[in-house]
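Quick one: dock chain against chain with the hints and give me the complex.
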Amino acid sequence: MNYKYILSVILLSSIVYVSCEDTIEVDNGFETPQFVVDAWINNNVDEEQVISLSFSQDYFDNRLPDAVTNASVTVTNGSSTYTFEHRAMGQYVWTPESGESIGDVGDSFTLTVDFDDETYTSTTELNPVPEIDSIRIYFEDQAFGADDGLYAELYARDIPGKGNTYWVKSFRNDTLLNKPQELNIIYDATFDAGTDLDGTTFIRPLRFAINALDEDGLPRDLNPGEKVASEIHSISSEAFRFLQIVQEQTTNGDNGIFTLPIANSRGNVFDSSGNRALGVFNVSAVSKMEKTVE
Amino acid sequence: MKSYNYSQLLVVFLFSISFLQAQEYTISGYIRDAENGETLIGSFIYLAENGASTVSNEYGFYSITVEEGNYTLYGTYLGYKDNIQAITLTQNRTINIEMAPDANTLDEVVVTAEEVDRNVRSLEMSVNKLDIKTLEKLPTLLGETEILRGIQLLPGVTSVGEGAAGFNVRGGSIDQNLVLLDEAPVYNSSHLFGFFSVFNPDAVKDVKLYKGGIPARFGGRLSSILDVRMKEGNNKELEVNGGIGTIFSRLSVEAPIIKDKSSFIVAGRRSYIDVLAAPFLSDDAGDTELNFYDLTLKTNYKFSDKDQIFLSGYFGRDNFGFGESAGFSWGNQTGTFRWNHLFSDKLFANLTTYFSNYDYQINFGDTSEDTFDWTANIKNYSIKPEFSWFIRPQNILRFGGQTIYYIFEPANAISVSNSEVTDISTSEQFSLESNVFVENEITLFNKLQMNYGLRLSHFAYLGGRNVYNFGEAPLGEVRPLESTTVAEDGEVIEDYINLEPRFSLKVDLNEKSSFKASYNRTAQYIHLLSNTTASTPVDIWTPATNNIKPAMADQVAAGYFRNFKDNTYEFSGELYYKKMNNLIDYIDGADLILNELVEGQILEGEGRAYGAEFMLKKTEGRFSGWVSYTLARSERLVEGINNNDWYPSRFDQTHNLSITTFYELSDRLTLSANFVYNTGTPTTFANSGYYQQGYFIPNNDLNERNNVRIPDYHRLDLSLTLDPKPGKRKWKGQWVFGIYNVYARRNPFSIYFRQDDARVNPGQAVNTEAIRLSVIGSFIPSISYNFTFK
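Those sequence lines, one after another, are chains A and B.
So in my numbering, spot 121 of the first sequence is number 121, and the numbers just go up one at a time.
So in my numbering, spot 339 of the second sequence is number 339, and the numbers just go up one at a time.
Think of the hints as simulated: they come from the structure by calculation, not from any bench.
Note that CB positions come from ideal geometry on N, CA and C, so glycine has one too.
Any given hint could be a false lead.
[Unchecked claim] Not everything, but these chain B residues come out facing chain A in the computed CB check (under 7 angstroms):
hint	residue
1	P256
2	S415
3	N531
4	N595
5	S688
6	Y690
7	G694
8	Y752
9	D757
Next up, chain B with everything else stripped away, as it sits in the complex (with noise of 0.2 angstroms):
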């Protein structure tokens, strides 16, 4: 790492002040839709008569730097109107850009949000963004529309099944993808263990998925950023959208609060599970309480077209009850305060300051006497400043900084028992984030463009607590603690510090197609200690120790990008190599919670993923969608497990194919379907078992790990959306009737081995069975209702 050095951020400077020329003038502004003045981020803006162009950045802003003259300024979004406007340039000008709805195409699924030819165009490779409308038409489970499902259906994104949380991207774990809502990162994505995410589709405006090619001003983990960014509110009119699902009733308000200056939305949702599970569930669990609900606020206010501030604010809860005697919750808080400031036409400054909670609470017991109370949580609070500086529309130079502070709290747990009290707690961790960032986005020959930047990160693992150094034991046995010393607060117990390169490239090859390539490197400074096949809720956050070094990762791509028939086909395939150092794992047996010396009992490996991608669609007609086609390998190399030699990981997944299509049988009627397969992903068996005091204890003879497959996933989902009749009406209603896993198949999550329930008496054989356990069992078919009021 030493050997990149500073003089390498000086070239990256002085190469773009080469370019800065004199006699000329910015035109600069926000781009917007016109009917509910939402802003409209990744919007084309073009001059027709050089061709020079830009892109309206994550909120909403563009700026572009030509020579003095007359001019037609192009405003273009798919789904709009084309914005044209004659200028002449002889001063500064800010233009904001109001784009008009199309009629035509307002109701027609669109799969693209962009310019037609981002595909091929875009300097960024190996990201997808999802639009809204897109999903919404999505054939789901229950009908729900769901943002981390909707991402399961592009190349890289897998999972280790049907309600497991999260997302494995490129054969990264769970815990390798920053999510984050408005900037905030959010720790735990999903309601209902991994059914449901936590983001409501009726606040959210974009989502964007960083699988690679990560631009330097994101960081923080290895394998992929989910950037989501939430609506601001209609500043023109009251808006009212709400639907009634099978799980959830959903219900947003957005209203201007000063027309055009400030607007605010707010949107809830609560299921009622509850009320369907309860004829499942057991007599003496009559009393089970079991919801969970979300609310999502924004709002924002509009000092001048320099200065804008947002607030906005995430709560959510996953509740489950057990009559008085138990209890256990779960969910994420976060708020996100940003403020855009303009210091000229050219620089863009924004300045975010956010915090976020995730934690979960756990209790039985509601006499005095006899309790167990359990809580914990990870906490962060962090400033991000940022800068764009649109030097010309050929040069973005990007730069800034954030620092995060960290509270873990593992474990708060307190057992009173006859009302003696036992503290069974573990100490909290502190720890400090920072980085700095320069990264320049650059045109060369008009066929060659670069985004080449640097990231200094630093973590430091702070005092105000034991600290615990641990001796050597054999490969795969608990480490012996060997002393104990006390950190005072703040004092720095280590430290580490990591530059990372990232760098993307794109050559356009001819007007259809491009080339293009990309390397990065990713520290991490925190990890999930999880050990299950799928991450419970109760997995717990724990930064870099002296004991646990940073994980470290390194990528590189390269792809084809291509268009058809005027752009009706998009076509992309890329291929990927990324090595991983510093990944954690667990010595056999390893107790991850409520154990205040879990760094005895972690292992430190290696990872390596590789694979090749491919993605096909068709964006216009009648009969669009997409297919995306993934040939993958993801392997560990842990010493002490599966005889230190490379295995699968637990969501290595050989081939991974989603077809998803969207037919528009009449102006109001759309037909999809969905249909996914993939390798079963791998699993361990015992071979052998043997008696030992009358238990009967399974061995996996040779002592490997992930040594055969489970049988392969494939499914069909269907769904029908009924439109509302077009035109001006205040009410507009859809209908959604779908059908998940449409032929039934009971699809494994996992296949495990069980003993027989009932005592074994002494002389007796244990009978044992070998159990598929299938998430969803049979098809499951929805109604929604979905509603527009305004």
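Only chain A is shown next, with the shape it has when bound in the complex (with noise of 0.2 angstroms):
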């Protein structure tokens, strides 16, 4: 939940009395299925590295997507080459040995899938990403249009240096937040580009986004018992830039007459001809803190 986000339901809360939504049937011209990848990998060491390939599918098919089952998938960091073996539902898997990671902070990446008679490749680089100083749990009574209660926020200090930008995944009792709403990305400590805040805490509505939303989208407050987790990964830029395109997308449903073009979001996987395939390949740093409401 951005600034921006609050604004919209500022702005719709007040002509919705008069409107009204109808869900209808509509002609999307879809036509051909085409190559997905999804690979967002860390450097956590000991842990299992998962790459996805799929096929996209009609907008309002409302089902999984189609596995790609038989490629091979290979990431190099120009001193070893992992290969990533099919599992199942085309889920590519790295298991390191005892001990293992897939590289260091600064290392360059390199995706190579063949599939189809065709190779796809993508280069990235391994960001760096801050510790989280703490996770503070607060009675909050001035929450925007939510209850009264506890609330969580995070506090982490934007590494020094412009345009580092990081992917907060939040976790309630292990849950993951996953909602649109509530993809929570960090450029410099705030929003985006364009403003001159560097190397500070993040800024408030980032810290609070870490919060569950409800199914109105207001932030849910947290009991006693429960448990809050966040970890922070460093992205590329063009990762934070597919996520920031993304979000808007996502989420342009509810910006009533506000809503934005449609913009499609723009990977950084290329087939053998320069032309942009479907996904993104990114190599995270993940820094991650976890508390229980007492």
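And the structure:
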């Protein structure tokens, strides 16, 4: 949830009472499935890394994607090459030896996927991630539109230098907060480039965005005994731009008369002729923290 | 642009001077309503003997110069009795004309408010004038007299949908319209997004929309000028007008301060939508505050027949409050001071200075440890001298200039959290826009009338801030910041100069018909950054900078105008073609607010719009009204969008039809109806979707823009007006009953794709659906009561 999201809630609540929404059938002109690479991995020690390959589908199919099961997938950091083996449902897995990780901050990685007489490649760099200083649980009586109660805030400080980008993944009682409105991405402690902020504590709306949202899109308060966890993943600037458009487009339906034009997220995977394929290859460094509400 | 030169200016002057002759005298003066002293704009004054004629200007002034002799002077204005005076002209004469309203036609529905054959006779084309009396009888949403919705019933004027702010003229975006209230620009002309306009009908005297053939005295926007003039206030007696409607209450008071010399008007409105909306809001939002109001003021003082001053102001605000913890408000303020001075019977001068401000404020949190305060505004100050030289009835020369100083404050935003202060403001922008113009209106051989002029405009983007230089980026991606320099206060960072030629021509084909043609070039130096379907109140304006060029447009139009049956029917048909350059668009995922480096996310493109507009009016009789139909196309070409191919703009509507009718059931009872139909506006659909880390991401496989259309829009509205009993009485009341959207069609505003609100467990599919959003989901009845006391 960011300022702009809050704003759209304000804008909309005022027109809601005369408007009406109907679910309709539309012909969206879907024709051909396309190859999709879903390769977001990290350099955690001893952690299995998974890359998924699938096909795109009609937007209204409301089903899981068709898996790509007969590809070959490798990732190299220059010195070592890691082979991802197909396990099931289009998931390709690399299992580390004990104490092993896929590389270090500063390494450059190349993904190579061979499928159907085509080679798809992508390169990315492993960026640094800041430590989480604390997760604070506190009583909030001013939460916009939400109940008074206990809420969590994530304290971390952006790494000095312009253009650091992060994805904060949060969990409540081990459930990943995966709603589009809960997607929390950070550019130098704030929402986006274009401010003077750098190297400071993440700004308030981003710190607060680790709280789960209810079905009305409002933050849900915490009860004693509940568990809050957050992970900061460093991401590349391409991945940040990709997720920024994902955030905008997957929540566009919340904007009523103020919808944005349809925009495609641009990935960083290319076929051998240089055409952009769907999906992203990103390697993250991760910091995490967990806290139980007392 | 350099191909034009100043010798052309000289030609303009010489042309006019060649018509100067000796032994002539001037009749001049003001033309006013006899009952309330309001000056009448655009009344037709002529001399029966030689047919010399003129039209009163925006201040009601006229001047007519003819050879000495005996004349019969006619002052005419529709809805008024002709004022006829015999004049012996042996010296210059000042004759102020007072027009008595015609009791027989006063309560009649009047579709046009000027001389009967203006459609054919006037040089103006692509210009529409709306009379407040006509607007009052139009069926409207919740019974409110609405200027901006009224003009959407005219050919060439559209909107992306109900609730959308602003309007689109001949394929231009909403920021291409210059909306003037007593010459001060109004940056957001809407209350409650786009449902109501900021103009209080009780305070408005005259509304004129220039869609083309824009004279050289106007400029600053590509597509249109909406010139709204306020009443001066009754200078004969106290008059109180008001109304109680479903959404607003209105009250206006006007009275002389010194009879015939000075008067004032104060008009206010306030909504009670908060009261109406309360039951529909959830308990959490119980303390919701939702209201809007506006206050319009004007006063004038006449020092002599030669000097008169006017002071007018507007203040309006929309407020949204959510308990003590959040608030959002926006509004315009304008102030105009004008001084009319007659240098001679033939040379009329007006000096206007104005101030205009649009601002919004957003705040959250009410403890000093946790707050978020965000304000933004656009302010401008201007001075504008203008001269009209009524050389002969066949020749008027106008010249003048203007300087506007702009201050843009795109975001002044401070976030305080646990007493930690974070300033995410973006820096202010300053600029200076200046222009001079000369315009000559001339009639040749009684059949040919022309208005040609030149406008020289200059824009300077000024220092007092950082200047950003961006590097190259792949098409459609954020351009990287390459270097930053600091420009001192007042330093010119970048400037632009443009010569804008204007030309219109009318040829009388016969008594009843004429042919008109026009060309205009217009330059626009400020842009509204808006990427959403409907513009939001937080959209900000940006000046042309070192990275953003001014937009330019060239428009040609030609039309045939004809009146039938003794001017009972008026027909006009026009064709236009408009080419626009340096229009702004945005990269995918552009961040337009709270972004210091927004210039790096702007794309530049071109546009073209063309169409045919037809209008047929019946102006007299118990049954009156008009039909307007537009066949049009509005397209954009932007590198990086739609595979670098032309695509229809978001407000492109192929067919646009509106039928507005009034039927007088009796002396007091009028039934009005309007029907509108337009082709659905274009939008973009995602064809496919794919999964990425559990998120289901929409994708437009062919990378097209605006490739599908939402269903067509049509709507019927009815209203019944019960006028007061005729005769002289102090209190006159009028009832208006209306139904908006009579057959309750759920007209789509947009179709968007939505994902399930519920949390998706790992291994589950994300559910999606298409939603049709109708801003008005039903028919909306209304009752309002209007009164006049004097």
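Hint by hint, here is what the structure shows:
1. P256: violated, 41 angstroms
2. S415: Holds, because the Cβ-Cβ distance from B/S415 to chain A comes to roughly 6 angstroms (cut-off 7 angstroms).
3. N531: With a closest approach of 6 angstroms, the B/N531 hint holds.
4. N595: For B/N595, the interface hint holds, since the closest Cβ of chain A sits about 4 angstroms away, which is under 7 angstroms.
5. S688: Holds, about 4 angstroms.
6. Y690: Constraint on B/Y690 satisfied, holds at 4 angstroms.
7. G694: holds, 5 angstroms
8. Y752: OK, holds: B/Y752 within 7 angstroms of chain A, min 5 angstroms.
9. D757: holds, 5 angstroms
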